[in-house]
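Assemble chain Z onto chain S, guided by the hints.
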Amino acid sequence: MTREVRQLKVPLCREDIASLKAGDEVELNGTILVGRDQAHLRLIQTLERGEELPLDIRGETIYYMGPAPTPPGRVIGSAGPTTSSRMDPFAPRLLDLGLKGMIGKGPRSREVLDGVVRNGAVYFYAFGGCGALYAQRIVSSECVAYGDLGPEAIYRLRVEKFPVVVAADSEGNSLY
Amino acid sequence: MREIRCQEVTASLKKALLQAGVELPGDVKQVLREASRKETGRSAGVLQRCLENITVAEKEGLPLCQDTGMVLLFCEIGQDIHFDRDFNGALEEGVEQAYEEGFFRKSVVSDPLKNRKNSGNNLPPVIYHELVPGDGLKISLLLKGFGSENCSRLHMLKPTAGREAVVEAVLKTITDAGGSPCPPIVVGIGLGGTMDKAAVLSKKALCRSLDSHHCDPWYDELERELLEKINATGIGGGGLGGDTTALGVKIETYPTHIAGLPLAVTINCWADRKGVVEL
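Protein chains in written order, with my numbering: chain S, 1 to 176; chain Z, 1 to 279.
Chain S with its partners taken away, still in its complex shape (with noise of 0.2 Å):
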């Protein structure tokens, strides 16, 4: 059985964003960055120092992931989403950087949906524990930043009809 669903670009532009209201399923296509709890602390540590982001996260979606080994002649081992809620702290600081879309599991703080809404972003749930089905949808990765966290490193995917229902919108509509 196949359904119709919404295909997106990512990085996302600000006319889809405001486009989107929580509860559509759509699949996303382009590039997104993966980093979960190490990556987000560092990140933030780095910009409490005065230090300038070892990257541009202007624009950029990223999502909450830590894959399973990758098998010999895959892109990537099973790669399903985290729970999000732990990386709240960060998230309204990466967003008000510029970050336009988070992917990951679960409801988020008040302070995150308030930097949702503040920034025109959006936050996206993505299949809890399917894993399988991520890895099948992602045609590349490649670590662009903070290789020394192995599996938590930050790094830039290549995706095709990644599924995802959005969780949170712009207008401040959240599923949760």
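For the record, the hints were derived by calculation from the structure and aren't laboratory data. Be a bit skeptical, because a hint or two may be false.
Said to hold, decoys possible - Here are the simulated lysine-lysine pairs, DSSO-like style, with alpha carbons at most 27 Å apart:
#1 K29/Z to K106/Z
#2 K138/Z to K15/Z
#3 K229/Z to K38/Z
#4 K29/Z to K59/Z
#5 K38/Z to K161/S
#6 K38/Z to K21/S
#7 K161/S to K59/Z
#8 K172/Z to K161/S
#9 K15/Z to K59/Z
#10 K117/Z to K172/Z
#11 K117/Z to K106/Z
#12 K9/S to K161/S
Here is chain Z on its own, set in the frame of chain S:
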């Protein structure tokens, strides 16, 4: 006296773990398919993606979820068995080999607080031994993800609390968890014993097949009541809202003290990864 070679234990455990991480048991797939057919809420899409993920994982031989969990092993060991060497060591080898060969994520840290350094091989597993009559060996295994484990709870209820209080505490645990444990969830409940016993029973309950019935009709009825009430919360798949919040509720009990009623609730995600090794 029966002699079991530990090499055999390692090999069959490895095989069962490799399968459990990639392919869901038939009973779980069946309940998910039925739920997907019936679901009309927002989580209909979630259930469809779960089914899609099951197909991809099986076809490509990839782990269903990147959190391939911490391994729990319930060993029922016939008292007439003799093992040719260290039994626990054989189990550990099985876990280590499976996580390496299956490209499963190593998710265990050696010390919980001091430095949280990854053990690098997903060791150790959590092992429970039970001595039983005869010469059979049965190992029930769970690959326990921690998104759901973090939502599990223990309630030391009053001895006079009664059935309603148990239902209330279970429902509170589930609603507090909301969408975090990757619903639709499977719920394992341990009732009675001591604090630790109840917790172990709640894990043991997860080993039961979803289509099994409790041998005591009173608890069978309670399992069904809980499942109905959990699904009535409307949390739904992924917490996006819908009629399928749980795929099953299983209860295990043990006698307890006159002064208490321990209740443990273990929540498992929809990727209810389990298996059995019998030698």
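Evaluated hints:
1. K29/Z to K106/Z: Distance ~25 Å between K29/Z and K106/Z Cα, so the pair holds.
2. K138/Z to K15/Z: Holds: K138/Z and K15/Z sit about 15 Å apart, inside 27 Å.
3. K229/Z to K38/Z: 17 Å, holds
4. K29/Z to K59/Z: Cα-Cα ~15 Å, so holds.
5. K38/Z to K161/S: 26 Å, holds
6. K38/Z to K21/S: 25 Å, holds
7. K161/S to K59/Z: Judged against 27 Å, a Cα distance of about 19 Å means the pair holds.
8. K172/Z to K161/S: 37 Å, violated
9. K15/Z to K59/Z: 17 Å, holds
10. K117/Z to K172/Z: 34 Å, violated
11. K117/Z to K106/Z: Holds, because 11 Å separates the two Cα atoms, which is no more than 27 Å.
12. K9/S to K161/S: Roughly 10 Å separates the two Cα atoms, so the pair holds.
When each numbered hint is compared with the structure, violations occur for hints 8 and 10.
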